[in-house]
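End of the sequence shown = 164 in the numbering used here, gap-free, step of one.
Keep in mind that the hints were calculated from the coordinates and are not lab data.
Heads up, some of the hints might be wrong.
Claimed, not checked - Derived Cβ-Cβ restraints for the label pairs, each shown as a range: (1) E61 <-> R148: 38 to 46 Å; (2) P131 <-> L85: 20 to 28 Å; (3) Q76 <-> P37: 35 to 43 Å.
Just so it is clear, the structure is predicted and the values come from calculations on it, not from any experiment.
Here a beta-carbon is modelled for each residue, glycine too, at the ideal position from N, C-alpha and C.
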Amino acid sequence: MSSGPTNNRAFSPSEKSGAVETAYHLSTVQRMLPLVRRIVEDLLQAHRRLAQLQGEREHLDRRRRTLAWPERQRRYQLGEELADQETHREEVRAELEVLGIVLFTLTEGWVGFPTVVNQRRAYFVWHPGHDEVRHWQFEGEGTFRPIPTSWFEEVKAGSPR
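Please work from the sequences and hints to get the whole structure.
Okay, here's the thing in structure tokens:
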């Protein structure tokens with residue numbers, strides 16, 4: 004039996020929400036990466052925009068007693084923009100959740116594609132700036148391990164890894 008990832012979809016008895024627990028093959032992750040890349044880029048853009056708007060709002064909040072009308076108006080407008088942007092960010096984050104993908108860091112966009120290695124829960128790990136998934140890690144561990152060449156060779160050979 005191979006020690007590489009397997010593809011199983013099963014209901015997790017520990018989850019009461021009824022969410023489907025996913026374990027992806029490396030070949031599936033490679034095919035999903037263009038979509039996930041766009042989702043993560045959108046998420047990072049929304050996060051940066053939120054930070055920008057929050058900074059502007061904090062600046063205006065510190066001066067709120069001395070603001071001229073246009074600045075006051077902008078301060079109120081920022082409240083609406085912040086709410087809209089937060090909603091957008093959560094909608095984008097939900098897209099990852101629907102796919103079963105775990106967001107490790109919002110600020111850098113590190114994500115994990117659930118899989119199983121040696122009958123243990125693990126993740127294929129990717130982040131923006133990389134063209135492909137290069138690492139994996141066991142759940143609960145912080146050590147990123149390079150994906151073995153043999154796993155990539157099995158994908159090229161048509162194995163469902």
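Now for the hints, and whether the structure bears them out:
Taken as a hint, the range 38 to 46 Å holds for the pair E61 and R148, whose Cβ atoms sit roughly 41 Å apart. For the pair P131 and L85, the supplied restraint of 20 to 28 Å holds, since their beta-carbon distance comes to about 24 Å. In this structure the hint that Q76 and P37 lie 35 to 43 Å apart at CB holds, the actual value being about 42 Å.
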